[in-house]
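Undergrad: The listed protein sequences derive, respectively, from chains R and Y.
Heads up: the first sequence at position 130 corresponds to 130 in our numbering, and the numbers run straight through without jumps.
Heads up: the second sequence at position 61 corresponds to 61 in our numbering, and the numbers run straight through without jumps.
Everything labelled a hint here was simulated from the structure, so no lab data went into it.
Careful, some of the hints might be misleading.
If several chains are the same, the list does not tell them apart, and a pair holds so long as it fits within one copy or across any two.
What the hints assert, rightly or not - In silico BS3-like pairs for lysine-lysine, Cα to Cα no more than 25 Å straight-line:
hint, residue 1, residue 2
1, Lys334, Lys235
2, Lys235, Lys37
3, Lys105, Lys266
4, Lys133, Lys37
5, Lys149, Lys121
6, Lys235, Lys185
7, Lys309, Lys367
8, Lys342, Lys367
9, Lys309, Lys37
10, Lys123, Lys238
11, Lys253, Lys63
What follows is each chain in one-letter form.
Number of protein chains: 2
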Amino acid sequence: MKNIISTAVLFLSLPIFGQTKEDSIQFRRISTEILNKGKSYTELRDLTKNIGHRLSGSEAYEKSVKWAEQKLKEAGADKVWLQEVIIPVWERGTESLKIKAGNGKWISLKMLSLGNSEGTKGKNISGEIIMVKSLAEYDKLSSDQVKDKIVFFNYPFSQSYVLTFHAYSDAAVYRSTAASLTAKKGGKFAIVRSLSSAFDDVPHTGAMRYDKDIEKIPAVAIGNTTADELETLLKSQKVTAKLNSNCGMKGEKLSHSVIGEITGHKDKSIILVGGHLDSWDVGEGAHDDGAGIVQSIEVLRTFKNLGLKNNHTIRVVCFANEENGVKGGQQYGKTVKENNEKHLFALESDAGGFSPRGIALEMDESKIKQIKSWSSLFLPYGAYDFEGRYSGTDIYPLKDMGIPTAELVPDSQRYFDIHHTEEDTFEKVNRRELLLGATIMTQMIYMIDKHW
Amino acid sequence: MKNIISTAVLFLSLPIFGQTKEDSIQFRRISTEILNKGKSYTELRDLTKNIGHRLSGSEAYEKSVKWAEQKLKEAGADKVWLQEVIIPVWERGTESLKIKAGNGKWISLKMLSLGNSEGTKGKNISGEIIMVKSLAEYDKLSSDQVKDKIVFFNYPFSQSYVLTFHAYSDAAVYRSTAASLTAKKGGKFAIVRSLSSAFDDVPHTGAMRYDKDIEKIPAVAIGNTTADELETLLKSQKVTAKLNSNCGMKGEKLSHSVIGEITGHKDKSIILVGGHLDSWDVGEGAHDDGAGIVQSIEVLRTFKNLGLKNNHTIRVVCFANEENGVKGGQQYGKTVKENNEKHLFALESDAGGFSPRGIALEMDESKIKQIKSWSSLFLPYGAYDFEGRYSGTDIYPLKDMGIPTAELVPDSQRYFDIHHTEEDTFEKVNRRELLLGATIMTQMIYMIDKHW
Chain R
1 MKNIISTAVL FLSLPIFGQT KEDSIQFRRI STEILNKGKS YTELRDLTKN IGHRLSGSEA
61 YEKSVKWAEQ KLKEAGADKV WLQEVIIPVW ERGTESLKIK AGNGKWISLK MLSLGNSEGT
121 KGKNISGEII MVKSLAEYDK LSSDQVKDKI VFFNYPFSQS YVLTFHAYSD AAVYRSTAAS
181 LTAKKGGKFA IVRSLSSAFD DVPHTGAMRY DKDIEKIPAV AIGNTTADEL ETLLKSQKVT
241 AKLNSNCGMK GEKLSHSVIG EITGHKDKSI ILVGGHLDSW DVGEGAHDDG AGIVQSIEVL
301 RTFKNLGLKN NHTIRVVCFA NEENGVKGGQ QYGKTVKENN EKHLFALESD AGGFSPRGIA
361 LEMDESKIKQ IKSWSSLFLP YGAYDFEGRY SGTDIYPLKD MGIPTAELVP DSQRYFDIHH
421 TEEDTFEKVN RRELLLGATI MTQMIYMIDK HW
Chain Y
1 MKNIISTAVL FLSLPIFGQT KEDSIQFRRI STEILNKGKS YTELRDLTKN IGHRLSGSEA
61 YEKSVKWAEQ KLKEAGADKV WLQEVIIPVW ERGTESLKIK AGNGKWISLK MLSLGNSEGT
121 KGKNISGEII MVKSLAEYDK LSSDQVKDKI VFFNYPFSQS YVLTFHAYSD AAVYRSTAAS
181 LTAKKGGKFA IVRSLSSAFD DVPHTGAMRY DKDIEKIPAV AIGNTTADEL ETLLKSQKVT
241 AKLNSNCGMK GEKLSHSVIG EITGHKDKSI ILVGGHLDSW DVGEGAHDDG AGIVQSIEVL
301 RTFKNLGLKN NHTIRVVCFA NEENGVKGGQ QYGKTVKENN EKHLFALESD AGGFSPRGIA
361 LEMDESKIKQ IKSWSSLFLP YGAYDFEGRY SGTDIYPLKD MGIPTAELVP DSQRYFDIHH
421 TEEDTFEKVN RRELLLGATI MTQMIYMIDK HW
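In isolation and in its complexed conformation, chain R is listed as follows (with noise of 0.2 Å):
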């Protein structure tokens, strides 16, 4: 392609009046800014390739948070501190799961034990396979059929939704419950399609819980194609598949979340912007959500450096723990409560760097109506989407406690192809996608600081 826009500044062209005005040339001014200054990218980089995937209780995490105070610092903070968080820790160790159709050789398959779960304890644990494609079906069976078998779940991730996280939402079942389901019935171990919009064999990790009072089985998770070539397997002959590993809960321990603000101008109250410094234990935790990290501290460097002198606080939050306890949200809005500290508004950034679409709004219908009103300033950055009525795992607490809350809505086709994946790396972000995401969240906070 190669034809020249002939209404190369139309964006530029809209109305503009009064107050709005004002707002139009000071977002002009955040979007230049971060899109030629912005230091996202960078520091992702270094986030990714000096420390990668942290997850908590690791020498990593401890490392991305001294990391993340510096950032802090360096970004023009006037306070920098650390939030004490207990968290679990969760290790995967070594893992192997192989599978052996009727009288053949056994063949390794690619695999992730899901998070939080429990493994074998470095013994071979093997039995047949049974395959459900829905809970449904798994209902239907008798602890009889499922006593000693090896579960497999394979429901699979829509394709048909045109948000993914929809798709997510969907399936997001099976990964949680699929132990506890097959343990209930006396099965050895489940097996799960993963939460994976790809045509490839990634497995993907992420959280899994067990119910009360039910034995702790183990739950692995396979790629789209390795349960793709599974079930073809099991229409024809028996499979039997055996699990070796040795992952597991080892206990709590005392880590922190990282805090940084600018004191306000006016008053004392807070806006918050955030996401989560932990990742998962494979890949790098670019997206998911070291994205979220970079792009929270973006905010605050943006303020500083154009001298946008805020009414209200600006504070950054890096949450602990959000991917297996979301300890580090809970204990924020614990703390919140104790010290009666006032909160305006919550924002986090934690659905992947990619190209922004909106800002998800869970508050009350006369705040929504008033952000929607300003969106005609918000449409020449691409974000047109104030749809959403949802925010960020890390603030729920803070919604509960009626503080309005949002996330970032960035574009979601790709989120879920590397989402808790060996491929979610740096080399996935796209550096202005990520960086006008930061655009469009420092304008968001800036209409907030002004307008509330």
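Fit chain Y to the known structure of chain R by using the hints.
TA: Chain Y only, in chain R's frame:
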């Protein structure tokens, strides 16, 4: 991120009534069909991996003609034919650019001759480099200052524009005119900073042209980081450049555009959808414009597969020679005129296979108003932007005949990282993004077919 969005079916609850309800149901059928059963992604893999790049005049281009013919037949076209087009043949051959700072060693730079440029006919041409940052700066130089020099046009691709096409438009004149400007003042050849949004050393080719009666001296492109390094060098010392290249125009040749259609059930007026089959001679021409080709074929296939009885003829055109001549588009327009073929509407996809954001419209205001009145139907599919007033290069001859024309508007953030480079490969295309683009295109063609 692991939050479960509670509004999973929000987009299904949009108000639908009367005519709109029927259209809304068809929109959903179209997206479900394409997102699940669409073949454009696998067809693109086939085109890019088994044929690869396919510059006009090359053997590969002729292979792609046969390929497109076959794919249109497989998609269910009632009629497939080739349209003769006389195309220019430009060949690259070998090429090298070296520089030497002061009395240092010769260092090779990563470079690409610009498309349509003449080379050095295998001889070394060398001279001192002088750098200008803008046309204004170049205008101030006398012929004495430029004579026998190599002019380095070091104009940056702006990061400030939100839509990267605006930055491309802004800088494109350097690529197209550098050689002629340099020749006018007696320079030996021109080096141009690539039209690139990336922070790497990848050179971007693309079409240049010679003014009449001007000596056809060479023009080459270097990547952004190479340009940065050269700029730094030039600040402190004299730098000599040496070019050796064999590129040049090799006359003309008979070639073809490929056309397939499904006949209208009510009348024979034509709705056109297309892209260009040729590409530059580097990379795989995946985003530019393999994507547009396979998406256009997807439109036709979807009408057939869903049994959407088209009132008008839906015609897919795979244009020849967009990149360095637009001869396919020109020939098509000429033939339309000669045969007095009535065209209702023409839609091109030639801005990359990225997540779609809308459709740009070039037609009279009443028609634009009508299309905009459909926008609530498109919104659940992420298409909200019907503001652009341009259309595809290949269909400009139709636009000039008063036919309403349009172009798919994909997200633009990543496009100019890879445009016209060795990096424009299949791996850079995301399956769901490509299919979603084909979805929006099919939906638009469905609406035009039904309501015009």
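Undergrad: If you check each hint against the structure, which ones fail?
TA: Hint check: 1, 3 fail, others pass.
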